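Taken in sequence, the protein lines are chains A and B.
When we follow the numbering used here, the leftmost residue of the first sequence carries the number 1198, and every step to the right adds one.
When we follow the numbering used here, the leftmost residue of the second sequence carries the number 1198, and every step to the right adds one.
Take the hints with a grain of salt, since some may be wrong.
Intra- or inter-copy, both count: the list cannot distinguish identical chains.
[As the list claims (entries may be wrong)] Heads up, simulated DMTMM-like pairs for lysine to aspartate or glutamate below, C-alpha to C-alpha not over 20 angstroms straight-line:
#1 Lys1609 / Glu1501
#2 Lys1609 / Asp1308
#3 Lys1772 / Asp1815
#4 Lys1765 / Glu1671
#5 Lys1779 / Glu1715
#6 Lys1232 / Asp1504
#7 Lys1673 / Asp1761
#8 Lys1216 / Glu1716
#9 Lys1232 / Asp1866
#10 Lys1320 / Asp1761
#11 Lys1337 / Glu1280
#12 Lys1494 / Glu1721
#13 Lys1456 / Asp1898
#14 Lys1717 / Glu1728
#15 Lys1593 / Glu1938
#16 Lys1320 / Glu1361
#17 Lys1744 / Asp1815
#18 Lys1593 / Asp1783
#19 Lys1773 / Asp1669
#20 Lys1336 / Glu1850
#21 Lys1709 / Glu1572
#22 Lys1357 / Glu1428
#23 Lys1336 / Glu1361
#24 Lys1752 / Glu1720
#25 Lys1916 / Asp1439
#26 Lys1956 / Asp1308
#27 Lys1773 / Glu1598
Quick caveat, the hints were computed from the structure, so don't treat them as lab data.
In this text the structure is predicted, and so the values were computed from the model without any measurement.
Each chain, written out:
Protein chains: 2
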Amino acid sequence: MYYELKFTCNIKRKGERMKYTGWTICNNEYEAEKKRSRDALFTIGNGYFGIRGFFEEDTEDVDRLGGIYMAGIVGRGTYPAWEGTSRELCNVTNIFRVKLLADKENIRITDKAEDFYQMVDLKSGMYSRGYVYTTNSHKKIKISFVRFASMHNRHLAGQKIEIEALTDNVEIQAGRFLDTNVTNLNKESCEPYPIQPGRNHIIEREISGNHVVTTLDDVDKTRLYFAQHLESCGENRKQVTDEFACGETEIFVLEKGEKRIFTKVVCAYNSKYDKEPEQQIKAFLNADICYEEELRKHTEAWKEKWDVSDITISGNEDDQAVLRYNIFHLLCVCPEHTDKLSIGARGLTGEMYEGCVFWDNEIFKFPFFVYTNPEAARKLLMFRYHTLEAAKRHAKRNWFEGAMYPWQVCEKGIEQTPYNVGAYYSIHVISDIAHAVQQYWNVTGDDEFVLKYGAEILLETARFFAGRVDYDEEAKAYVIRAVRGPNEYDVIVNNNAYTNVMAVENMKTAEKAFRTLEEKYPEELEKFINEHNVTKEERQKWEEIGKNILIPYVKKDKLYLEDDAYLKRRPVDMKKAKPTGKRIIDTTIPYEALMMYQVSKQADVVHMMNLLPHMFTDEEKRIAYEFYEPKTCHDSSLSYSQYGVMAANLNNEEETYRYFRKAAYLDIDDRQLNTISGLHFANFGGTWQLAYFGYAGISEDNNVLYINPNLPKVWNEMKLTVVFRGNRVKVCVSDKKLQLELQNKQGELFVNVDGREYKLTGEEPRIQMDR
Amino acid sequence: MYYELKFTCNIKRKGERMKYTGWTICNNEYEAEKKRSRDALFTIGNGYFGIRGFFEEDTEDVDRLGGIYMAGIVGRGTYPAWEGTSRELCNVTNIFRVKLLADKENIRITDKAEDFYQMVDLKSGMYSRGYVYTTNSHKKIKISFVRFASMHNRHLAGQKIEIEALTDNVEIQAGRFLDTNVTNLNKESCEPYPIQPGRNHIIEREISGNHVVTTLDDVDKTRLYFAQHLESCGENRKQVTDEFACGETEIFVLEKGEKRIFTKVVCAYNSKYDKEPEQQIKAFLNADICYEEELRKHTEAWKEKWDVSDITISGNEDDQAVLRYNIFHLLCVCPEHTDKLSIGARGLTGEMYEGCVFWDNEIFKFPFFVYTNPEAARKLLMFRYHTLEAAKRHAKRNWFEGAMYPWQVCEKGIEQTPYNVGAYYSIHVISDIAHAVQQYWNVTGDDEFVLKYGAEILLETARFFAGRVDYDEEAKAYVIRAVRGPNEYDVIVNNNAYTNVMAVENMKTAEKAFRTLEEKYPEELEKFINEHNVTKEERQKWEEIGKNILIPYVKKDKLYLEDDAYLKRRPVDMKKAKPTGKRIIDTTIPYEALMMYQVSKQADVVHMMNLLPHMFTDEEKRIAYEFYEPKTCHDSSLSYSQYGVMAANLNNEEETYRYFRKAAYLDIDDRQLNTISGLHFANFGGTWQLAYFGYAGISEDNNVLYINPNLPKVWNEMKLTVVFRGNRVKVCVSDKKLQLELQNKQGELFVNVDGREYKLTGEEPRIQMDR
């Protein structure tokens, strides 16, 4: 996503490591300059909320930027989008605002804080944080915070605070608020740009005793409703309301050794996606809400998530925790409460890319849901169905046919990429969406979805490509000119292999879908064909294009080319181009220069082969890997995982593990130097793919589940679940043996393990083999 | 200059016409919303100063943006340049600030002002303005202002104010200041961007009784010195100084019918380009300065300018005035006081493009100076010589050899184009500079310049191209990949004909220069060759490249192609693409989409043919014109004039005149809708070229001056001067006859008129022929 470069801060950070155990990620060091980056790292969420790991008791200006985001909730942006003005993910009311005084002294963290920790418990989706504060008169107080966003009822979030007087009696004043005094971060506030004030998207506030309503500056004038139930054993509780916040404060003396606990449960609704938000809030305020009970249900919900989503590995506790961290965020971010939304590049963990959805949604994150939570996967696809009209408008406005799904879409499916940075060229996103439809269908067998929604997506995307190709008289072939493939360092190319192959695949998939549906649901299909004016001619045209498209390939070398002029570019010395860990474009040569050179920002041909593994020979894959790997600078977070998947499939264990480490630890080590602006969700999905498609070697073709595992030496065993065509199968792999167990009794599953076919049924649900 | 698009305001303006007579451009209508655009239109200057037509007595905020610019005086810009931070032309101290009170009422212009006029007298380079003001108690006062920037002593400027009580006695308070309370305009202050406050570049001020010193925020911490001599017959003059301004006020009663006149002379020096500015200012303050005397010398200097620069036409008074207006600004803007500077795209008339210099400097404006003022032309080239080191650094930083003159340079020759909008590709500027060196040499015969400076420019630019070409095994030819030609609507192309032809010309010119100098100055050349390590091999390489470069040409159609893939792009219906007068990219389809289509922003192949007219046949020119003209949308101000020149050379009278009108009236009619941000100097030069190269048919080849005139029907006669190889010749053309007169007695001039050769000498200085 090339234009990110304008958001990158020039913060110098060395790779750093924290502590990981099987289910926790913990940091024991408070460093002010890394705080905001770790705010991102310790985000929790439930698909409705994304809540960064900001500090409840902050009182600095910066903390108005804390970062609580809600799926699909945006404010008015700053630049012209391709329809109307851009939008941006909106930092909403701070539901966890706390103000603590010890002997009237404002408690806030400083470098002197002792025993600092911040930790996310992956199993239960809880974030906790604490430290020992020393007052000016040398009294020590221990403070800790716990929070969660309920996975059971996604409108709820909980907070617990503990305060303990360690050395002396101390007078504590504790305030807990819903605070609407928040702003977005201004993207240009990073060096070297002049600092700009943050943008405030709240244009109206209604503040009451225990709830607030804010109105945003977006086109829908969205109203957000928040309410809270506060629990405390105190007696001097006082309601407080000002122009921005509501809540209560209480004053009490904590005796030496004494501990006080406060809890609260917050509830949120919005006018954009929720029904009757006002009534919902009223009901919540009237209900009997208990923190511990909500916590229990939340934890239970997380357990169910992990039952199917976890990948257990033994042999390396770090890798285990960090792999789970990657999966954890995919679970945290998925908007399962609606089918109107999908997942942004940075999820709900930061403001970069304005919360928008890109191609990596379908290609990187989506497979995780398809193979572990098909209902969620279906909802994510429904977002593309709901925005099909916008994609058709986009095609028309750009003088094309069919549906031109934009590169970077807001919640309404409208192109948000600023003009003239390449969105127009990045058309592979369109076939990527079609690919996801096909993948969903292959893995789930959900005909009903395809008939009702998927076929229309396949049709309109195929139509787009049929109109986007040109016939080149010289080459005697169809060509696709002026595109940008996954390698974004090639500004504009002709006949990008990935793009052309996927475009043809898109048209083939549409035709195949019609044929399949024709057989199974002839009446429904006929109705569809009539409704959408699908002509015989256009279907023939798809076939003709598929047969005669130019795919750049050097026959004698069995080498697929990224694009038809790749070999005409100058080779580049990677040591000269990228002397440090920083991106090429941030160190040696500007983005626009890279057109001159054979340099790939990320996997491109290799990625194409990962997507369609059964279309290419192992030799072609090896040749491509060896050709492109040294030419790839991995300046995109989308690169490591795809090279890793390919390395695994080529049985290159050392390389695979090297890439696994790079991908899995990407945010934890802040490898891209921009975790501060949000976590890298494509890479989370990619890391999962590396484990799932790479190490476990899972793929599918023609109704058969393939498993070709290849564990790294440092792992002894790996366990995971596959949900395939209504079956749920547990896979357990070690270097010695492989075990499969079908979990549903009515199931029937064809598997191909290491090249041999098996069938699992309710009667014979288990196979085990030595390897 | 593609990235201008971000600066364009969406102000809806209809084409509008003002009054022109032979020597004046006058506007008799005050319209608030057009004021700032007319501020630009009524700019005056002397190459040291550029002073927009802002109102002296303004008191609104906006008037802090008035607009007085000084050549090469810049402040710190807002974005990263390719070395350091960008710079921008700095709005300096308002030397003409006036505050007028009538019966204590602030006089400022409103829509109710009567008899408004603003006028520039082209002959004397003076701007005058006036109106009748009516006080709240219905008294009428006539006010007028006159100003000039001295063409005699470029450090001086003069101001005259007249106030007349028309109907009643009135108490007047008149203040005249040097006011440092000024800011730059913020580029993003146009819709739809949020309004930003203007940037103030003054970081320090010293205000004294009659002079001020300001320090700027540029890297040089430039100090600007201003002083004034005030004349007045009043007796109640009072010196006034505050934190921003100094000057004097006086109060007096004007009786009905009485008129009072104030004059002042201002002087300016700066620490960046002037010697001993402080002493100069002191000397000025101690001198006996008289407004009328300075005005006399100024007017005399303008007369000398016009003697050689004027093009007289009879038959159409509008065209006469407007053609002069175009020439006038070329005279106003040329920094003849130094050889360290050149001319920005908007001269000193607005802040767009930050005052930077582009290719159009050499290709559009430079010819005017070569043919009318060779000393000035030499100085403009010296700017490129002084920035040769910066161009060599730029090449190195971009992994190239030789000198890579940047696309958009600040006064120090550093690339100022924001990253990633194509500066890296726009390499034709490099050969354009070499072309200007050759043109200067051809027209002046100034061997000394070439030996001392020009040869080095030719060498290093040739070296750049020798390293920039690639050998294409498939095409069996040298190619230049990833460039942007003059047609900026084609984002990136390979083998742009203009670029390749000019690159080869660059290398040929270098080789030819060495051969010529070898013969005439063998010793000096040998020294040069040794000093710069010019090898035989590299000179041979230039020749080889020249012989084997790919120039896209369709032989059977005799058609030169803009680039090697031009015909692969889709044809476009211009009515669909550009349904209104607005630019395509502002109405129908974004800039990045245009790569898909056969659409040219401006002359490209046609322009190449204009630059090297003797290299192409008339048939090839006609074919190119007819092919590209309907595909050209003229969204650049650089287009009309070149199509006009070609139309003239093809004897297409109607088309030529149509293009002449479009070019000549471009700013006066605000055709590009951005005159507000500064006048279009390339178009001024282009308009002159249309008259000079087009109508008069002047060109040169091999020491011979060619004249092939072709007047439009509406013009009866055209007179102009050519300075060629030390000779000054007056040309007088009508449709009936042509007359040439050599003005220098020692001269000797070979001319070719309508295909026949003549020789003019001191003995036979005149020829006249019927046509």
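Hints versus structure:
In this homomeric assembly, Lys1609 and Glu1501 never come within 20 angstroms of each other (Cα to Cα): the closest approach is 31 angstroms inside a single copy and 66 angstroms across copies. In this homomeric assembly, Lys1609 and Asp1308 never come within 20 angstroms of each other (Cα to Cα): the closest approach is 44 angstroms inside a single copy and 46 angstroms across copies. For the homomeric pair Lys1772 and Asp1815, neither the shortest alpha-carbon distance inside one copy (30 angstroms) nor that between copies (52 angstroms) is at most 20 angstroms. When the C-alpha separation of Lys1765 and Glu1671 is checked against a cutoff of 20 angstroms, the pair qualifies both within a copy, at 18 angstroms, and between copies, at 10 angstroms.
Taking the shortest alpha-carbon separations for Lys1779 and Glu1715, neither the intra-copy value of 53 angstroms nor the inter-copy value of 50 angstroms comes in at or below 20 angstroms. In this assembly of identical chains, Lys1232 and Asp1504 lie within 20 angstroms of each other by CA distance neither inside one copy nor across copies; the values are 33 angstroms within and 71 angstroms between. Proximity of Lys1673 to Asp1761 under the C-alpha cut-off of 20 angstroms is found in both arrangements, the shortest distances being 14 angstroms within a copy and 17 angstroms between copies. For a Cα distance limit of 20 angstroms, the shortest separation of Lys1216 from Glu1716 qualifies neither inside one copy, at 56 angstroms, nor across copies, at 78 angstroms.
In the homo-oligomer, the alpha carbons of Lys1232 and Asp1866 lie at most 20 angstroms apart inside one protomer (14 angstroms), although the nearest pairing across protomers, at 56 angstroms, exceeds that limit. Taking the closest pair of Cα atoms, Lys1320 and Asp1761 never come within 20 angstroms of each other, the shortest separation being 48 angstroms inside a single copy and 60 angstroms across copies. For a Cα distance limit of 20 angstroms, the shortest separation of Lys1337 from Glu1280 qualifies neither inside one copy, at 56 angstroms, nor across copies, at 52 angstroms. Taking CA atoms no more than 20 angstroms apart as the test, Lys1494 paired with Glu1721 passes in neither setting, with 43 angstroms inside one copy and 92 angstroms between copies.
Proximity of Lys1456 to Asp1898 under the C-alpha cut-off of 20 angstroms is found in neither arrangement, the shortest distances being 60 angstroms within a copy and 97 angstroms between copies. Proximity of Lys1717 to Glu1728 under the C-alpha cut-off of 20 angstroms is restricted to the intra-copy arrangement: shortest distance 19 angstroms within a copy versus 83 angstroms between copies. For a Cα distance limit of 20 angstroms, the shortest separation of Lys1593 from Glu1938 qualifies neither inside one copy, at 50 angstroms, nor across copies, at 63 angstroms. For the homomeric pair Lys1320 and Glu1361, neither the shortest alpha-carbon distance inside one copy (27 angstroms) nor that between copies (87 angstroms) is at most 20 angstroms.
Taking the shortest Cα distances, Lys1744 and Asp1815 never come within 20 angstroms of each other, neither inside one copy (23 angstroms) nor across copies (46 angstroms). Within a single copy, Lys1593 and Asp1783 get their C-alpha atoms only as close as 37 angstroms, which misses the 20 angstroms cut-off; across copies the closest is 17 angstroms, which meets it. For the homomeric pair Lys1773 and Asp1669, neither the shortest alpha-carbon distance inside one copy (38 angstroms) nor that between copies (24 angstroms) is at most 20 angstroms. In the homo-oligomer, the alpha carbons of Lys1336 and Glu1850 never lie at most 20 angstroms apart, since the shortest distance is 55 angstroms inside one protomer and 95 angstroms across protomers.
When the C-alpha separation of Lys1709 and Glu1572 is checked against a cutoff of 20 angstroms, the pair qualifies neither within a copy, at 24 angstroms, nor between copies, at 75 angstroms. When the C-alpha separation of Lys1357 and Glu1428 is checked against a cutoff of 20 angstroms, the pair qualifies only within one copy, where the shortest distance is 9 angstroms, while the shortest distance between copies is 79 angstroms. Proximity of Lys1336 and Glu1361 under a CA criterion of 20 angstroms is satisfied intra-copy only: 11 angstroms inside one chain copy versus 81 angstroms between copies. Taking the shortest alpha-carbon separations for Lys1752 and Glu1720, neither the intra-copy value of 45 angstroms nor the inter-copy value of 57 angstroms comes in at or below 20 angstroms.
Neither within a single protomer nor between protomers do Lys1916 and Asp1439 lie at most 20 angstroms apart by alpha-carbon distance, with minima of 53 angstroms and 80 angstroms respectively. Neither within a single protomer nor between protomers do Lys1956 and Asp1308 lie at most 20 angstroms apart by alpha-carbon distance, with minima of 61 angstroms and 89 angstroms respectively. In the homo-oligomer, the alpha carbons of Lys1773 and Glu1598 lie at most 20 angstroms apart only across protomers (16 angstroms), although the nearest pairing inside one protomer, at 44 angstroms, exceeds that limit.
Going down the numbered hints, you'll see the structure goes against 1, 2, 3, 5, 6, 8, 10, 11, 12, 13, 15, 16, 17, 19, 20, 21, 24, 25 and 26, while the others check out.
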